[in-house]
Amino acid sequence: MTFLKNTWYVAAWAEEVNAEAMLARTILNEGVILFRDAAGKAVAMRDRCPHRAAPLHMGSVKDGVVQCGYHGLQFDGKGACVFNPHGDGNIPANAKVKSYPVAERHDAVWIWMGEAGRADEALIPALDMARSASATVVRGYLNAPSHYELMTDNLLDLGHTAYLHPDSLGSEAIVHSTRQTRRDGDKVVYELWAPDGDAPPIAQMLVPALCAGRVDHWMVSTWHAPCLIHQVTGFAPAGANREGAEVMNGFHVLTPETDTTTHYFHALSRGFRLDDPQLDAIIDGGVTMAFANQDFPMVGAIQRQLSGPDVGDARPVVLSTDAGGVMARRVLQQKLAQEAETAPVSAPAQVQSVQFVARRD
Amino acid sequence: MTFLKNTWYVAAWAEEVNAEAMLARTILNEGVILFRDAAGKAVAMRDRCPHRAAPLHMGSVKDGVVQCGYHGLQFDGKGACVFNPHGDGNIPANAKVKSYPVAERHDAVWIWMGEAGRADEALIPALDMARSASATVVRGYLNAPSHYELMTDNLLDLGHTAYLHPDSLGSEAIVHSTRQTRRDGDKVVYELWAPDGDAPPIAQMLVPALCAGRVDHWMVSTWHAPCLIHQVTGFAPAGANREGAEVMNGFHVLTPETDTTTHYFHALSRGFRLDDPQLDAIIDGGVTMAFANQDFPMVGAIQRQLSGPDVGDARPVVLSTDAGGVMARRVLQQKLAQEAETAPVSAPAQVQSVQFVARRD
Amino acid sequence: MTFLKNTWYVAAWAEEVNAEAMLARTILNEGVILFRDAAGKAVAMRDRCPHRAAPLHMGSVKDGVVQCGYHGLQFDGKGACVFNPHGDGNIPANAKVKSYPVAERHDAVWIWMGEAGRADEALIPALDMARSASATVVRGYLNAPSHYELMTDNLLDLGHTAYLHPDSLGSEAIVHSTRQTRRDGDKVVYELWAPDGDAPPIAQMLVPALCAGRVDHWMVSTWHAPCLIHQVTGFAPAGANREGAEVMNGFHVLTPETDTTTHYFHALSRGFRLDDPQLDAIIDGGVTMAFANQDFPMVGAIQRQLSGPDVGDARPVVLSTDAGGVMARRVLQQKLAQEAETAPVSAPAQVQSVQFVARRD
Numbered sequence: 001m002t003f004l005k006n007t008w009y010v011a012a013w014a015e016e017v018n019a020e021a022m023l024a025r026t027i028l029n030e031g032v033i034l035f036r037d038a039a040g041k042a043v044a045m046r047d048r049c050p051h052r053a054a055p056l057h058m059g060s061v062k063d064g065v066v067q068c069g070y071h072g073l074q075f076d077g078k079g080a081c082v083f084n085p086h087g088d089g090n091i092p093a094n095a096k097v098k099s100y101p102v103a104e105r106h107d108a109v110w111i112w113m114g115e116a117g118r119a120d121e122a123l124i125p126a127l128d129m130a131r132s133a134s135a136t137v138v139r140g141y142l143n144a145p146s147h148y149e150l151m152t153d154n155l156l157d158l159g160h161t162a163y164l165h166p167d168s169l170g171s172e173a174i175v176h177s178t179r180q181t182r183r184d185g186d187k188v189v190y191e192l193w194a195p196d197g198d199a200p201p202i203a204q205m206l207v208p209a210l211c212a213g214r215v216d217h218w219m220v221s222t223w224h225a226p227c228l229i230h231q232v233t234g235f236a237p238a239g240a241n242r243e244g245a246e247v248m249n250g251f252h253v254l255t256p257e258t259d260t261t262t263h264y265f266h267a268l269s270r271g272f273r274l275d276d277p278q279l280d281a282i283i284d285g286g287v288t289m290a291f292a293n294q295d296f297p298m299v300g301a302i303q304r305q306l307s308g309p310d311v312g313d314a315r316p317v318v319l320s321t322d323a324g325g326v327m328a329r330r331v332l333q334q335k336l337a338q339e340a341e342t343a344p345v346s347a348p349a350q351v352q353s354v355q356f357v358a359r360r361d
Numbered sequence: 001m002t003f004l005k006n007t008w009y010v011a012a013w014a015e016e017v018n019a020e021a022m023l024a025r026t027i028l029n030e031g032v033i034l035f036r037d038a039a040g041k042a043v044a045m046r047d048r049c050p051h052r053a054a055p056l057h058m059g060s061v062k063d064g065v066v067q068c069g070y071h072g073l074q075f076d077g078k079g080a081c082v083f084n085p086h087g088d089g090n091i092p093a094n095a096k097v098k099s100y101p102v103a104e105r106h107d108a109v110w111i112w113m114g115e116a117g118r119a120d121e122a123l124i125p126a127l128d129m130a131r132s133a134s135a136t137v138v139r140g141y142l143n144a145p146s147h148y149e150l151m152t153d154n155l156l157d158l159g160h161t162a163y164l165h166p167d168s169l170g171s172e173a174i175v176h177s178t179r180q181t182r183r184d185g186d187k188v189v190y191e192l193w194a195p196d197g198d199a200p201p202i203a204q205m206l207v208p209a210l211c212a213g214r215v216d217h218w219m220v221s222t223w224h225a226p227c228l229i230h231q232v233t234g235f236a237p238a239g240a241n242r243e244g245a246e247v248m249n250g251f252h253v254l255t256p257e258t259d260t261t262t263h264y265f266h267a268l269s270r271g272f273r274l275d276d277p278q279l280d281a282i283i284d285g286g287v288t289m290a291f292a293n294q295d296f297p298m299v300g301a302i303q304r305q306l307s308g309p310d311v312g313d314a315r316p317v318v319l320s321t322d323a324g325g326v327m328a329r330r331v332l333q334q335k336l337a338q339e340a341e342t343a344p345v346s347a348p349a350q351v352q353s354v355q356f357v358a359r360r361d
Numbered sequence: 001m002t003f004l005k006n007t008w009y010v011a012a013w014a015e016e017v018n019a020e021a022m023l024a025r026t027i028l029n030e031g032v033i034l035f036r037d038a039a040g041k042a043v044a045m046r047d048r049c050p051h052r053a054a055p056l057h058m059g060s061v062k063d064g065v066v067q068c069g070y071h072g073l074q075f076d077g078k079g080a081c082v083f084n085p086h087g088d089g090n091i092p093a094n095a096k097v098k099s100y101p102v103a104e105r106h107d108a109v110w111i112w113m114g115e116a117g118r119a120d121e122a123l124i125p126a127l128d129m130a131r132s133a134s135a136t137v138v139r140g141y142l143n144a145p146s147h148y149e150l151m152t153d154n155l156l157d158l159g160h161t162a163y164l165h166p167d168s169l170g171s172e173a174i175v176h177s178t179r180q181t182r183r184d185g186d187k188v189v190y191e192l193w194a195p196d197g198d199a200p201p202i203a204q205m206l207v208p209a210l211c212a213g214r215v216d217h218w219m220v221s222t223w224h225a226p227c228l229i230h231q232v233t234g235f236a237p238a239g240a241n242r243e244g245a246e247v248m249n250g251f252h253v254l255t256p257e258t259d260t261t262t263h264y265f266h267a268l269s270r271g272f273r274l275d276d277p278q279l280d281a282i283i284d285g286g287v288t289m290a291f292a293n294q295d296f297p298m299v300g301a302i303q304r305q306l307s308g309p310d311v312g313d314a315r316p317v318v319l320s321t322d323a324g325g326v327m328a329r330r331v332l333q334q335k336l337a338q339e340a341e342t343a344p345v346s347a348p349a350q351v352q353s354v355q356f357v358a359r360r361d
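Chains as they are written, first to last, in this note's numbering: chain A, 1 to 361; chain B, 1 to 361; chain C, 1 to 361.
Next up, chain A with everything else stripped away, as it sits in the complex (with noise of 0.2 angstroms):
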């Protein structure tokens, strides 16, 4: 399977990477580590000493050098070998673990996976995830146990709520609800217009106030490729064309770990009961409950159906509420067409077994 590489993907919260310690990630199929360097910012390198494969977070970071667990070799923050303990401690030429562009924005670590050269950080779409004196944050992450095209499928299809989350996001009025979708550039936006109903249970806690009555709801959903999409979901009374409206940024961020499973980063930005530890705490479980509990075993057990003996009918039913995951398929597969057309000419890609009977430095 084949992931966009010239793309910032989320590696980490910037809270997941400090200086005393080794974050072990795999992304797109690469182990990765991450940590931060003497100077406070973040690294990134291969999970792999280039002397024996160990693997690096096995071993222990200070002062911004990473010590192999197996033999001490010591790597700075570039990856390059800075201490050889054996021998005559010559460094050999081919002591280097590959690194990657890091940038650190929004409150997450972005790491680029690609031709490192590409690597311009104004391609970071600009968003408001970061904490601020006007917006409380409930963040997490979550491992989704699917491809994460499934799970952008997913998470552009807000008719499913109804159906996987009538506890929690769903409601009589989104099964009613009108949606629009279209695309914007690169982007994708989806739509949806649930007025005059009763507000979802999730709402009910979030704003009760507001949710006494019968209220309008919208969501809008923009997706950015390749696998990011923020969420603006609003609240207000029936009928008041938006006056009193309570508004949540939420932003759902998918990293592809292997082909069959992704890192789910979300956030949810609020700008009302700020200093309000019992909300983020009904937050943080209703994550768990509609996403962990709900979506994953649904969408793990879609990819098992796909990929098993029973794969059926090729001719799937697309619906309307379909329309979201279809066109941004279409934009990455564009995307990915572009990519292959445009990667430099290199050397064959995989080897399938090393000799450790190899030249000597």
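None of these hints come from the bench; they were simulated from the model.
Be careful, since some hints might not be right.
Calculated pairs, SDA-like style, for lysine to any residue (alpha carbon to alpha carbon, straight line, at most 25 angstroms) [as the list claims (entries may be wrong)]: (1) K98(B) / K78(A); (2) K78(A) / H86(C); (3) K96(B) / R304(A); (4) K62(C) / H86(C).
Simulated restraints on C-beta separations [stated by the list, open to error]: (5) H176(A) / D276(B): 55 to 65 angstroms; (6) G87(B) / R131(A): 36 to 46 angstroms; (7) N143(A) / R183(C): 45 to 55 angstroms; (8) G140(A) / A130(B): 19 to 29 angstroms; (9) D196(C) / E115(A): 46 to 56 angstroms.
Every residue gets a Cβ at the ideal spot worked out from N, C-alpha and C, and that includes glycine.
Using the hints, position chains B and C against chain A.
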């Protein structure tokens, strides 16, 4: 691996299939759901929504209508989509779930996995598995960890009972028994005659008075292709020419689940001690002991040996005790060859990946 | 993956093999049973009945005769069928179990997996692994989660002890030690000299009086192809020219189990504190700590890195500390090439599926 398709398989015992919940069971590598429609008739269909391949058993069933748990599409007992809650509510032409012919007979629900037009209920073997005023039946379900033919070999070879089941079914008399195997049309009949010996342990518990002295013990197993064995077991006082015999009818019904696992439906029907729950428990415990704890580990280990790197000698030794299994395999080969010849010309069967970027209905 | 076949491997410690029960062990991907015949001689044969491939270890052994647990066929210590309880009792010509040459030496049971005619006991290395009046031996068995060559590399590179085992085998003196590696015929000899330092933690427990002051510490490891390392470890007061030294003999015997796992037989023989069970326990605990808890996770992780999608750079860095492993791999390559040249012409090796519909003897 190829399974015979145009034949009836037992999918469930009657009491396993009901109107309030779906029973999900994989049969011949296909995921199937079973439930009862509004009229109480058992129905079966693919466990797979034609929209996004969600397992339908993750949804709900009510009044004979299945609702997909992901997007709320509804299907009747024939697999026709009867409700689409999205967009204009039109039902796409290909929104159909494959359904299977089902028949309820002998307290079992039978399924036909092949061409529906050939599903003739008259082909269901005439058996006496059902409970009645004159017969108490102890029955159950186990999952066997092997291809079903390894279980057929086991069940048509009663010589193994003396070695693998000395504490229940086996006896010294079985070691010295006379055995005959013959083909009777498409059936295979195996007869064992163990005269003038001590009864096996299980018989001592079932018919203790009779087993106080030496007994004549016989078993007649009749195999019905592809995978049902009817086994008559009798005990009589030694030399009495079967006068005063107690006879039981055992049914061993195998339904392929996958290439490496088998549904095992077992039933033992008796005409004596009809209302004796303690005896029922003894029988049920004996089945667990002999089948689940002794046969299954053995056939599971054999399957692993045959599929592992250590496959070894391709010329297995065949003994007289294998005659039943060998004959049954020959009949099955003929039936499979016949089925391959008469199969309708169809489009290339299997598709490896399903693209959700498809036409939109 | 190819293993050297015409060589002796340790299959078990002598005390693991007895007359009352079979020891089942996979060696070079072949399932093997080991037991003692009526004369007390250790014997080995395939763990697989020639009738239906049942693992023989699921049966029983008595007076040197193995009885299959499925159908009661009996085999003597040479693998010849000596009893068939079925039909007329004739023994089919192909009712033979493959047996292996076995030799018992140095308290170990050695097996020859190649051509039986070439199994010369004189090829077993002359070692001092056995218990005696002047030597106490602590020995045991562990299962290592890697191909055996990754363990050979580990054992022939004592430079890693300072980093992976600082709490037992490693020391600052080892970091600064002198190491020399040389080939001696088919053997590889590795010498480490760590003078005038603090003794490693394990030595403090083994020879505390000696370790009160600074010590000279040396290790000489001799690799015998394909997979046995004899390691002499010595400690003496610093600068005493090895006067007053305490010396131990360690044996690390690797036998390939599968392509990805290894039997690891370890023994440490000492000539001091002979009757000291507490010391025995310290040694045994140290082995568990250093090997099972530190080496195994590391080599297991390396093996996963090398076989996963993330294989990365095919030009591993080789350091001076790897010289022993590199030399041993070269000797092994030569021996494998030699074996391939002299292998007898044989029928096509592997059969994928065994049909039980076969001729009947």
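request  = Taking the numbered hints from earlier one at a time, note which ones the structure violates and give those numbers from smallest to largest.
outcome  = Going through the list in order, the structure violates hints 1, 2 and 8 and respects the others.
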